[in-house]
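Engineer: Chain by chain, the residues:
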Amino acid sequence: MAEKSGSALVIGAGISGLRSAIDLAETGYHVFLVDKAPHIGGILEQLDHQFPTNRCGMCKLLPAVEPDQASQQCLRRGLFHGNIEILASAEVMDISGEAGNFCATLHQHPTLVDPNRCMGCGQCAEACPVEVKDTFNAGLSTRKAIYQPAPQALPGTHVIDLSACTHCGECVSVCPTGAIRMAAADRKKFKILVADEASSVREQLQTLMAGEGFLVDTAESGEAALEKLKSEAFHLVLLDIKMPDMEGVDVLKEALAVQPSLQVVMTTACAAVQSAVESIKAGAADYLVKPFSEDFLLPQIYRFYEESGKGRQRELSVGAVIIATGCRYFNPAEGKDIFGYGLYPDVVTHLAFERLISGTGPFGGRLVRPSDRRPVNKIAWIQCVGSRDLQTDSDFCSSICCMSAVKEAMLAREIGGGQVETVIFHMDLRVFEKPFQQYLDDAKRSGVRFQRCRVHSVACSEDGARLAIRYVDMDGAREALFDLVVLSVGQRPAEDAEKFSEMLGLELNPWGYLAPRPFSLTETSAPGVFLGGAVSGLTDINDAVIRAGAAACGASKAIHKSGGSLETVESADDGRDRDINREEPNILVILCVCGDRLKALIDMDVLLDRIQTEPAVSQCLEVDGLCSPDGWAKMLEELKDKPVNRILLATCAANAYAHRRLEIADAAGLPEAAVQIKDVFPSDWFAGGAPAKEQTPYNTGYVERCLKLAIAGLKGIHWGPAEKIPVYQSALIIGGGIAGMTAALAIAGHGFRVDLVEKAEQLGGNLNWLGRTIDGADVAERLQTTVSRVNDNSLIHVHLNSTVADIRGSVGRFQSTIGEGKNAQTGHHGAVLLATGGVEGATESYGYGKSPAVMTQKAFETARSEGRIDPAALSSVAMIQCVDCREPPRNYCSRVCCLSSLKHAMYLKEQNPDLSVYILYRDMMTPGFYETYYTQARRKGIIFFPYTPEAKPEVVVPGQNGDGASRLRIRANDPIIGQSVEIEADLLILATGITPVLPGDLMSKLRAEVDEHGFFKEADFKWRPVESLAAGVFACGLALSPRLIDESMASAEAAAMRAVRMINRQYLTAGRKIAVVRHSLCSGCQLCISACPYGAREIDPEFGRIEVNPLKCQGCGACAAICPNSATVLAEGSETEMFEMIDAAMGPV
Amino acid sequence: MTDWYKIDRQGGDRLTDIRQFLKSVLGLESVSAMLVPRQLPTKDAVMPSLVSRPVLLDDADPLAPAFAVNSAKNISQLTRKGLDANIAAVLRPCEIRAHIELVKLHQSASEPVLIIGMDCLGAFSNRCYQAFLEENEGPASEAFCRARLSGAEPSNTVEISPACRMCEQPIPEGADIILGLYGISLDEGLFLQARTERGKEVLDNIGARGAKAPEQREQVVQSLIKERTEKRDQVFEETAAAVNTIEKLSEYLSGCVNCYNCRVACPACYCRECVFTTDVFDHDPLQYLKWSERKGALKMPTDTIFYHITRLVHMGTACVGCGQCANACPNDIPLTQLFRMVAHRTQAAFDYQAGRSADEPPPLTIFKEEEFDEIVGLGS
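Respectively, the protein sequence lines represent chains A and B. Residue numbering for the first sequence follows my numbering, starting at 3 and increasing by one per position. Residue numbering for the second sequence follows my numbering, starting at 1027 and increasing by one per position.
In case anyone wonders, no lab produced these hints; they're calculated from the structure. Hints are not guaranteed to be accurate.
[As the list claims (entries may be wrong)] Derived contacts from chain A toward chain B, CB cut-off under 10 Å, selection only:
id : residue
1  : Asp611
2  : Gln731
3  : Val1078
4  : Arg1080
5  : Ser1085
6  : Gly1086
7  : Cys1087
8  : Gln1088
9  : Ser1092
10 : Pro1095
11 : Gly1097
12 : Ala1123
13 : Asn1127
14 : Glu1137
This one's a predicted model, so the numbers in the text were calculated from it and none came from an experiment. Even glycine gets a Cβ: it sits at the ideal position worked out from N, Cα and C.
All chains should be built: construct the whole structure from the sequences, respecting the hints.
Structural biologist: Take a look at the structure:
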């Protein structure tokens, strides 16, 4: 589709990496998407349901405007995008260079399976004798050494697990397509040196490895080994750590000095952590403990052999790098409180639980205990295992576990038909994002129980049948029995965080995570290198997707700035725009006969006869061996100059070819849609499950029906020239706070004009009254630099004291009126960003307004910065959190207030250590690394009282009710000690949260929705978090949801990236599979307008007709389904076509 | 709003009082014409007529047990393209419900129409009405009315239509003005209830005076509804048993000749061009032969069951149970029972009732993420 005007490297193909890659690819860059795993999707491959919707929806990452750019299919199955090159099983070894011009060295791990030949039939796995724990199912089941990495991936290409494969060759012999390569010939060239004092070991290893065909030599001393290494080249050395004449590590160092590319494996009879660490640091490739069994050693040797193969290194030139390698999870067995993990099979991690209930999991989605497969009736979740725990050096919150436990409990109840009892043992419930509080309320309503306490231990019950959780609550020590215990394990830094830190000089935070620069979630100290997703701390999907967008924006700007200039993307279809709708169907049927196999099963003459009676079929071509590269090439050759306009490729295992449809289309000079690849016989016919010969008539009928069904479908395909709509290549940003300014700079940084409209007389919004962040970063300074950058940028036109009075049009073509009266200007923009911000919530609670001693957080912040607060003059300050928040009607957490209170509390305490500070809270929301400030605050002696919404604190203002006291009095119930307390305070600071400021009239003119609290309603909270369902309308900052400064800026960059994706095109091309209205049939009932979820339909005021906006229409078919008389039809889905297909499918057998 | 009004007996019978009342409404400046069942001058037939000259309301007969067409369709004709005048319409409850559905489907407008709803005593099918006329040598509306209100059979030879016998919504809830009959003595004057501000204004303007609610009415209506509901459920049970397999359904509909009269008569079937008469069902001639070859014999015309199932799908959420489908069927297929049963259950599934309120959006136009969990949920 697009000019390859620059390229980027995205490391890690999880949610975040995928989003960054798609953003960059849609902007027009070539993207290398690298993942160590053999599949894309990261952890999402393992999660069927994600909060807060309890379903997936990952496909929503795919482009919705210009949908034909990417193959529209389930993203958990795979991604096919013209600008994205996926490099799975690959690792980045080195990155050098600078922004705009990096060189990355890649190592491609061998999988031994040729993806172009593998059809995913799975016969290899059946034949494989090696069974290992299936890490995909979190060890709850086993798999073979050759396996399909993710059950839902398409094509189901298998890979070999080199750490387990014994190279027995069983799979090679059963593979029907010869896809598995285990060449024995090269083993003779692979030279191994065994250096060990013990002759028995030398002999054993030599016999074993020579028996496999390797060239093996031995050395009995360090000196002898070095002698041999100096005289000839070896590939691998097995070196004992204690050689008779010298230390193994010294031999290692010298050996590497002689042959730097040498792989040295240290061996030892007595394992010690220290020597292992020392060896690896000195450059050893691995560290193995003797004695070796054959089954253990051979896979290791083969792994080195295979990894050393030629062509494993690849160099990539890229303009920017995004590191999105995610994070690891805590292993509870490493902790002090292991909660029975590893001892009892029914104690599992939350990831294992996700697999346990998955339909593709070990138990087929049934909720049973791993130990005895018996139904589960009662489940416990233990939160904060390896999080918020100083004992495991985790003074951080893992941010997502509260919500994931809530989700898992809800799912368990749903699966169990409401019969399963679920209890979550937790500390605070961290519901810090917009929809989470309501999600939590839903869970409570659905019967999930919450127990606030710390769990002491998990043990086996006395009868040995269940698990006993011991915990302490207000009534003392208690014990409860469960069938299954789920540990919500916390995050740990990505394995390669340190590697990238060293490679690129990136900073690590105290816990070993790659750390972004202040005021950013994605920028690093290395220009051109960005962080995406959970690599800088675990995030939920919403946050990961926003950060990924911000990272992509940064990367794009870096490439653009360094001259890898972002040319305007042409949405050209290079000659594939052939209008086959206007041509009579003329179908070429290509039938793969699979040697003599098909002929042995069906009556080919009868079949061809019946197919050729179909008028639309002009020719039926028999081909052979499509699964071999030769057969495929021969078939492509045959397609040249065939006067057909549609092609049906009939094979087994059609999914294996789906991604090669374009090759066929190109060979035949047709649009991709004109090529269909279909299964017309079950692949098991050729895999031992073949039906008997006497069933020939049945078989023939079966193939005929499949073929006719496919032919009927192919006749109806719709592929005309797509409508092109010219784009106004500029953006309108409403709101000049930090989000609006950041978005403006990001878009202008790509060379596009921006109109930035601010209703106040100055830019900056809330930053104008904020002093410092809790991290100590200087807000005022940041504001000043940002404002001057905005003012200095000639592409940004700032309209102060202005509002957008009117706006019309839709994606690509918005027309607006900026300002009023004679100063009004008309704007033309391709995209609109709402950055209208938010304000501190108003309140009348807790005596607010009745005493100057009761103030809001903003008032305190302002007073403090103006020097009106004298901490020395105060002796007691109280703060109340969640004022009028987290309960209807404002049933959401405002995210920033707990941190503000901590900030203010610590300030007061620092200024006057004798001052008492009390924070009355419901749940302290200090997700991620902010947790450490909560810890610090407690250490400083700040006193925290939890309260529940049922028993809120009571405030008595001086003079109220005839009260003679001179200070405020606050009464609260402490549910932990079960007593009421009374606090006297000089000052009460109320955390009233954030309410949005979003102009409703503009939103409705833009056909964008507002949520029940007045925030911008995202197209999808998880997957499309900065855009509306109405295409071309984006939001960022507080208009979207309560967020911190860096989070606002990240959302602004993500939104800017999405806007750039649109306005960098001169034309937007509509999808071809869209709905059209047949006006002569339309009764004007308007059901379709209500049914359309994308706001793509409206009544043309001039003719009173229903019109479809081709860019907004996503071809979902809701309109066609609700229209009673087919006045609305979906291209490729008309009734006539469906009838014909049903008829074909119901044909004679 | 439930304000009651009374207009005292003017002499003569109930019908005369009603005609007098209608004349006074039509006499208002704000009402340009009145759609009302009226005896045709040429024959005893009673048809909806748009009357603009008050004197011609002397032939109006809203008590007649005739129900030739559902007038919601007439209102659609009058208002769909916009009517720059106000009219009054005297309607049965099921006509009002159909009207409300059509308004929601943008096929009618509610603003220009003042609805005077009659407590419904039921009606004969077109054919039975002819028999009734012959039996009584004339319209005999007053006699019919007396018989129905006293619980007696109005005819020795014919029954009122099946739709009316099982109708549990005989009160015109959606009207501006209700003309009450149930629980009101025939010898008293007219009892009228204002249901909307607009209705109240009209009643005030014609000089009707406020009155207490008729004492017996609530109880009479409730017991009638109870009786009808029982009858309805019994019909549903019988119908379900008669159509619960595709074979039985085929048998049930075997008399259908694809004349599509039911569709034409249906007030909720609003398509300007039915899909069954578009190119979608205009099969290729060879197709018929193919089907015949496959099955050995092909019933002509084809797509009969498909047609009825499609109509059930399309109209299931909008069916108001007026019975016009069966009334229009030349082959006496008991369509009303089938449609009402399916519609009732469909509407119940969506917690929707066709014609209940103009404010309730039609079920399929709203998307709820959490519904029908038993079908789409994990536990299913």
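Engineer: Does Glu1137 (chain A) meet its interface restraint, that is, does its C-beta lie within less than 10 Å of any C-beta in chain B?
Structural biologist: Where the cut-off is 10 Å and the nearest Cβ of chain B is about 5 Å from Glu1137 (chain A), the hint holds.
Engineer: Using Cβ atoms only, decide whether Ser1085 (chain A) comes closer than 10 Å to chain B, and label the hint accordingly.
Structural biologist: For Ser1085 (chain A), the interface hint holds, since the closest Cβ of chain B sits about 5 Å away, which is under 10 Å.
Engineer: Does Cys1087 (chain A) pass the interface hint, meaning its C-beta sits closer than 10 Å to a C-beta of chain B?
Structural biologist: OK, holds: Cys1087 (chain A) within 10 Å of chain B, min 4 Å.
Engineer: Is the shortest C-beta separation between Val1078 (chain A) and chain B less than 10 Å?
Structural biologist: violated, 15 Å
Engineer: May I ask you to test the interface hint for Gln731 (chain A) with respect to chain B, counting a Cβ-Cβ separation under 10 Å as satisfied?
Structural biologist: Violated, because the Cβ-Cβ distance from Gln731 (chain A) to chain B comes to roughly 34 Å (cut-off 10 Å).
Engineer: Return the status of the interface hint for Ala1123 (chain A): holds when the least beta-carbon distance to chain B is below 10 Å, violated otherwise.
Structural biologist: The hint holds - Ala1123 (chain A) has a Cβ within 10 Å of chain B, the shortest such distance being about 8 Å.
Engineer: Classify the hint on Asn1127 (chain A) as holds or violated, based on whether any CB of chain B lies nearer than 10 Å to its CB.
Structural biologist: holds, 4 Å
Engineer: Holds or violated: is there a CB of chain B closer than 10 Å to the CB of Arg1080 (chain A)?
Structural biologist: holds, 9 Å
Engineer: For the hint on Gly1086 (chain A), just tell me whether its beta-carbon gets within less than 10 Å of chain B.
Structural biologist: Given a least distance of 6 Å, the restraint on Gly1086 (chain A) holds.
Engineer: Does Asp611 (chain A) meet its interface restraint, that is, does its C-beta lie within less than 10 Å of any C-beta in chain B?
Structural biologist: violated, 16 Å
Engineer: Holds or violated: Ser1092 (chain A) as interface residue toward chain B, Cβ cutoff 10 Å?
Structural biologist: holds, 3 Å
Engineer: Under 10 Å is the threshold here; is the Cβ of Gly1097 (chain A) close enough to any Cβ of chain B for the hint to stand?
Structural biologist: violated, 13 Å
Consistency note: the structure conflicts with the earlier hints numbered 1, 2, 3, 11.
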